[in-house]
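Here is what each chain is made of, one letter per residue.
Number of protein chains: 6
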Amino acid sequence: MKKIVTLGEIMLRLATPNFEKFNQATNYNAVFGGGEANVAVSLANYNNRVQHVTKLPDNELGQAAIDSLNKYRVHTNYIPRGGKRIGIYFLEQGYSYRPSKIIYDRESSSLATATIDDFDFYSIFDRAEWFHISGITPALSKSCEEITLKALQVAKEMGITVSMDVNFRASLWDIETARKVISNLMQYVDVCFDGDWPLGFRETTPDGTSLEDELKLYEKAFKNMSKVYGCKYYFSSLRKLISSSSNFYSACGYNGNEFYHTKVYDVDIIDRVGTGDSFVAGVINCLVKGKNFKEALDFGVAAAVLKHTIPGDVNLVKEEDVYNLLQGGNTRIQR
Amino acid sequence: MKKIVTLGEIMLRLATPNFEKFNQATNYNAVFGGGEANVAVSLANYNNRVQHVTKLPDNELGQAAIDSLNKYRVHTNYIPRGGKRIGIYFLEQGYSYRPSKIIYDRESSSLATATIDDFDFYSIFDRAEWFHISGITPALSKSCEEITLKALQVAKEMGITVSMDVNFRASLWDIETARKVISNLMQYVDVCFDGDWPLGFRETTPDGTSLEDELKLYEKAFKNMSKVYGCKYYFSSLRKLISSSSNFYSACGYNGNEFYHTKVYDVDIIDRVGTGDSFVAGVINCLVKGKNFKEALDFGVAAAVLKHTIPGDVNLVKEEDVYNLLQGGNTRIQR
Amino acid sequence: MKKIVTLGEIMLRLATPNFEKFNQATNYNAVFGGGEANVAVSLANYNNRVQHVTKLPDNELGQAAIDSLNKYRVHTNYIPRGGKRIGIYFLEQGYSYRPSKIIYDRESSSLATATIDDFDFYSIFDRAEWFHISGITPALSKSCEEITLKALQVAKEMGITVSMDVNFRASLWDIETARKVISNLMQYVDVCFDGDWPLGFRETTPDGTSLEDELKLYEKAFKNMSKVYGCKYYFSSLRKLISSSSNFYSACGYNGNEFYHTKVYDVDIIDRVGTGDSFVAGVINCLVKGKNFKEALDFGVAAAVLKHTIPGDVNLVKEEDVYNLLQGGNTRIQR
Amino acid sequence: MKKIVTLGEIMLRLATPNFEKFNQATNYNAVFGGGEANVAVSLANYNNRVQHVTKLPDNELGQAAIDSLNKYRVHTNYIPRGGKRIGIYFLEQGYSYRPSKIIYDRESSSLATATIDDFDFYSIFDRAEWFHISGITPALSKSCEEITLKALQVAKEMGITVSMDVNFRASLWDIETARKVISNLMQYVDVCFDGDWPLGFRETTPDGTSLEDELKLYEKAFKNMSKVYGCKYYFSSLRKLISSSSNFYSACGYNGNEFYHTKVYDVDIIDRVGTGDSFVAGVINCLVKGKNFKEALDFGVAAAVLKHTIPGDVNLVKEEDVYNLLQGGNTRIQR
Amino acid sequence: MKKIVTLGEIMLRLATPNFEKFNQATNYNAVFGGGEANVAVSLANYNNRVQHVTKLPDNELGQAAIDSLNKYRVHTNYIPRGGKRIGIYFLEQGYSYRPSKIIYDRESSSLATATIDDFDFYSIFDRAEWFHISGITPALSKSCEEITLKALQVAKEMGITVSMDVNFRASLWDIETARKVISNLMQYVDVCFDGDWPLGFRETTPDGTSLEDELKLYEKAFKNMSKVYGCKYYFSSLRKLISSSSNFYSACGYNGNEFYHTKVYDVDIIDRVGTGDSFVAGVINCLVKGKNFKEALDFGVAAAVLKHTIPGDVNLVKEEDVYNLLQGGNTRIQR
Amino acid sequence: MKKIVTLGEIMLRLATPNFEKFNQATNYNAVFGGGEANVAVSLANYNNRVQHVTKLPDNELGQAAIDSLNKYRVHTNYIPRGGKRIGIYFLEQGYSYRPSKIIYDRESSSLATATIDDFDFYSIFDRAEWFHISGITPALSKSCEEITLKALQVAKEMGITVSMDVNFRASLWDIETARKVISNLMQYVDVCFDGDWPLGFRETTPDGTSLEDELKLYEKAFKNMSKVYGCKYYFSSLRKLISSSSNFYSACGYNGNEFYHTKVYDVDIIDRVGTGDSFVAGVINCLVKGKNFKEALDFGVAAAVLKHTIPGDVNLVKEEDVYNLLQGGNTRIQR
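Protein chains in written order, with the UniProt record's numbering: chain Y, 1 to 335; chain L, 1 to 335; chain R, 1 to 335; chain F, 1 to 335; chain Z, 1 to 335; chain H, 1 to 335.
It is possible that some hints are incorrect.
Which residues of chain L face chain R? A few of them, derived with a C-beta cut under 8 Å, are [said to hold, decoys possible]:
no.: 1; residue: Ile124
no.: 2; residue: Val264
no.: 3; residue: Val267
no.: 4; residue: Ile270
no.: 5; residue: Thr309
no.: 6; residue: Pro311
Don't read these hints as lab results, they were simulated from the structure.
Every residue, glycine too, gets a C-beta built ideally from N, C-alpha and C.
Whole structure, please, built from the sequences with the hints as guidance.
Structural data, given as structure tokens:
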């Protein structure tokens, strides 16, 4: 079996328990997570061979991050050790009208300060068929931008399919810089997730815009993107927020020919973080296994829907759990 | 006050906390529970004199199971000690679209390997007015089938009212065997719970069948059952699953003359396990106390509705809590 | 900045975790709270200068109660130490159809047994602009009634604005006594919360009464009250209980001229206790800062709505959190 | 089997976890305990028939206290319900040089305000062979003193053996009052625990007094007591405190003829509370079962030693655990 | 790097927290462990390539057991899935005079019911240099005895070094059977741990026997064993129990020529389970890396000493931690 | 009452619970602490007026750090908000032979990146009588070195007594740099803690050096220091490590005239962190209150001894607790 490679920062996530606010917390639940690492774990849970690449400090917290990947059968052989610290993010779970809050604390992290020499991409991509990256990594630092570019070039050179979750984060960089950097990277990308708005192809709409009207904008954006970039697929998830605890969730995609919108799920939320990564992992899983893009979208959405009910960053469902939901979602106790 | 006797396996229940999946759990919440034992505790909480019969290993876990019954004032004098192990079940609580999962681990348990000589039913039933059993016990082993039969024969001989919760479990036996064994036991049964489908009197219906149509099938099933078996009452609960966290719940019954369907409750769920047992206990409680079968059904359903909000296997509500719900269900804080 | 003074009992709150019933609890979550202290903390979180007055025993629990106020920047210089015990209340959180239960255990508490000599109100009110009290304190004991009266008299004498949350509690006294005592205190009150029903100006209505009809009764009550008492504002919150976990919440008010009713929120509940106090604190915060009574009501309701999602007695939101909700309530993760 | 009756207050014990100080605690571990109730549970764990008598409020906390006794097979049929509150005590566990702290909060408890009419001692003592009481109950209130006296008189009248743990508590009453009240009660006592110092027969000694010298004082005290009172046995435990976590523990006794001192154990402490009660229960267990007073003392001390290692108020060891220690105390893992 | 293979049952360990007794526990801490798996994890923590072989059920608990090994970088490719259940053991941690208790619940486990066809040892041992097994596996069932024998034969045939921890468990089989079975297996063993007493070469001694006298018996036993069996090394650990919380620990060994006894450590205990496995792993680690048998013994003992302070079954120390202790054991905070 | 000012970094401390190693932790206990802040809290617990100065980020974690000081009555008015992050340290508690481990994560913290303009020392020192600082702050960054120097100059100028805990940390800077920087600062210091070795006046000694010999070296060092620097007092604590859980602890001091060594305590350890700060706070407390330097040393050592038994960074004992230990240390339960 060929492998899937993911690259990105994995952080220590410290979340207040029981919906406590930061100022109430006397302890924090600790897991590890990060966009691309979350994709990696989910893909491993679908029985893919997956390898995650990042850089971590040479201390026990770095080792614990690695072992959190090992536990879920993600390969960790190409993770250089060094730098000053592991990135951290603090999470206060919201509820109902109260939004969740995240305090990022990834300043000077080992990956942000890594250099291009830390990674030998020819070895990393040996026997790989897919490479997944996000728009967060190039936003971390100038050297991370170079690393991303280099990774993409080598991947392309080695004939590996490339997917990118654009995932613009206003706290990391401004939209103009992001647009410039990501646009340049897009030449290496085969499968693009959530690129429409960040890359300037879709306007945000006022509250109350109908789903139909939204979808028209997505379709138009994808078609225009396809004139500019050479991707095989353009995908985006659609989330309508009812509250911190309840969302409507679906996704749409375009294969250069056909636009498709999935079923809309009304999801109740235990843990919102990492649901986008679950969508991405679900889509990649299907494409790798030869499903068509509609099947991939349906699967990705159902996988993300289930992730909303699982505490932590990573999606622990298996293919059979996703298919159970796709086939109607019997919620009788499984005995 | 005459006593109610229940017979069946009580297990150690180990549940992952905070909706964690099995592979995330670093600790398990531990309580004891089992269909008939749950009925016993609930009846004791309604101030009945109740005695539970089972077999448990002669170790600290067996003692803890007994003491969990003692705590709630269920008599435990007729529980032989011995055999190799206490049955266990592992529970992963579902949420929203994610179903709950139970891993049963009752192989070679003390009750499953008990023999007919472990129980002196004439002593057990001394001063009893009611005996409750389920279709799970005869499914555990051949000797458990014999024990069940013997218990029913002695109960009948001593003029004790017998109720049975048919409760078919596909993981324990196949439907053909179950049907044959249970059918034979039905000759001793006065009050039958959830026997319609397992005994072959009701077809399952496709999703989307209206409640009215469902109820017609239940009514027909009960009437046909009443031609075959000599029970005084036939009861069944109806559950429409919206999600793991939300169900519509009601029940219907037939007294050989009249068919009755209760109010339908839209319940939010903290703990789904043991709600059926709470329904049974609520019904028995009313029948023992001379209420009519409609009052019993109403009470049973309201009791079960409240159980959905209580963590653990057993229903801890008191009669006044159930009547509060029956009288409109004021949820203002009770100060 | 002038200060706001609050007076009332602060208790140790012991709540069963995870929706356990009292008989299941093997540990209790401990915080401190009490109507007026909750108002104080919330006001401090809006950057007001606040001072809470009460009496607490001279032991570590009394100190812990004080330090819980210090933590949130409420001044505690005028809390005499002595008496036998800190008041306690035990809380069992309800869910869905199951009501929450509170067992008050404030018998012989330090405040209930305090005397008028424990407090030097001229010093306490030095540099104060607002004094807030509730109808609970005079209900605690005869001496507490005297203390309340004295406090109000001195406040009035010193030209301080006085607000009172009438907050009738049937477990503390009967409605006739309450009405007599509170009516007498009303002469000192400028801003009256929830006085309509307890003071005999509004009838309770049957379930199913429409909101419109309810509001007419409130408007009438406020207008009649304004003929009897000389308050500047009359405010009341309106709560329609769907279940223990879900309420409709709004508020109305009258400024002697105009009647106003806020938006109605459909709130999901993590912790119902202290939400009324959050409403009061929100209103006071706005009035102190020169907002008009409609702005105050809108803010108070939004603040209370957010409090429903925060565990514990006190509201930890900041002004910006409330304004976020007032401006549409974006519940996207705040990164 | 005849029964043993115990009488005394059972309280809710709220202990800070993990050696936290009161001002750090955000939750409290909750169990129920009290001197005589602890004796009752320990005796039940040695397979005696035991009945505990107290008064508890008619609320869920009172019920939980009762059910904590039911769990351990102590009979609770003669516990009147009523009064205002359950007694509480707060515990901060000490360690090494830091002493444990207890804040008693038993003011106005249901037992302290009980009256003699709450108890029908003729029924209570039906089929009893032993009655155990402590010097704490008469210290709670005047009415409790009367209840104690009445109980002792009826016990004596019915020919029941009476034991008393004098257990003087300076926080409840002064030594002069205690001495007067207890001295009067001593006429009904057959087995006296720890009466030497409180009743004025033994001086306290300076630190550094040798064990030999201490024992001489105990022997002398017992012999003098035996001239005044008509007890069959006088017992006392000896505790030398090394630190909060480590004590030397032994006991001595006198049967009117012979003085005996047990082995001295060097105990490490997990929970110091209730160890004296474990000693008493161990001694009573042996005397009831016909062992001689030396065997009883040895057993009582070993039982108490084991209790030091068990969290909570009550001793959960069984006879075989105590005999294992008496026979050398193999601490190899029992598999 | 060549790999080390271990074979044996890995169980779910459920331990009561905070020194609670079984009858107090409302939750259990869950980890996975088992003699040979513990050896595997420890060896992986010393940066060896390690592969563990066992059989586990095809459910989430089986997967969680596997992932607990993956986490610590133990290879799990040769673990067949099937059978009825994962073995479980329940642990009650002792303290001071109170012994720890283990309730084994491994009846009908997947490994106990595995057959010889479940394992292809030629593939399993490919590129292996060492194979470790214990005397527990052949005790589990007749088929496990056959599996063990087959494994040893293939290992020998492939020139792999074989170590066995004899580890006699009286709860699994009687000493006569054990002796017969193990003696036969010894022909394949190169390194024998703790075989002296079980194989009949050393008498147990009375309490109070001096260490010198003990060591003479060990030396004699090893020399006699070396006349019977062809092992290269004989090792045994020596444990003198002061209490459940404190032991003296050392080890001795014989290389066919020289007898060696290590330093004796006075260890305080957080978790006693798995310390023997840590000793074994420490010794194997050194022998694999070419250290002499004295170095191996010193390292093994120091590793085991450190394991006594680590909660759970497995030893998480690294080589540098062990060498820190061997070089004097600086316990200053490592910053 | 004049105030005491402390200056230094306060960090979020994240400690693994239950002696877990970093790689086992699924949650972290969270408190706030830091050398000088710990001194501040302890002094506030002795009823001094104390003000802590630091810089913290303008987010909820910064606010929580401030409120942790407010809770214990430390004034926080002079804490500028800004910068990128709060410093963090991760703690793995050691036990017995296993050392504790700390991973510092204070890179780019708000204080480390603060500038001299963030602090108006003339306002800060208004009405102050004492200023305490440590050698950690100048080690954090060049600007922190400047801030320290400026603070000391202003303090001196305003006639405030200055104490410094030299507290050399090899992970922050090398000894040569430290020596140069600290030596320069010493001109402003009146009371010097633990300066002997870092400033080059005392050699470290081999293990096994007798306490007498050690003390001679301390005495010599202090006398030599007093020739170089103009301090009024030189103090040092002496710690002999038996294990991670047990230390011998004492202190010595010199007042320019007399050398004094306190009693040696054999301490068992729950939390080793912050014990040195407790010593410092104890000494300052006595000197501020006019005690002589021997009384101050005795008090400081006893205070530090008690801190070893308290979880978290800060010492929560009160003066009466320290005096109880100084007067013999009765560890009987305080009821």
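Practice problem: Please name the hints from earlier in the document that this structure breaks, with their numbers sorted from lowest to highest. | Solution: The structure conflicts with hints 1, 2, although it agrees with all the remaining ones.
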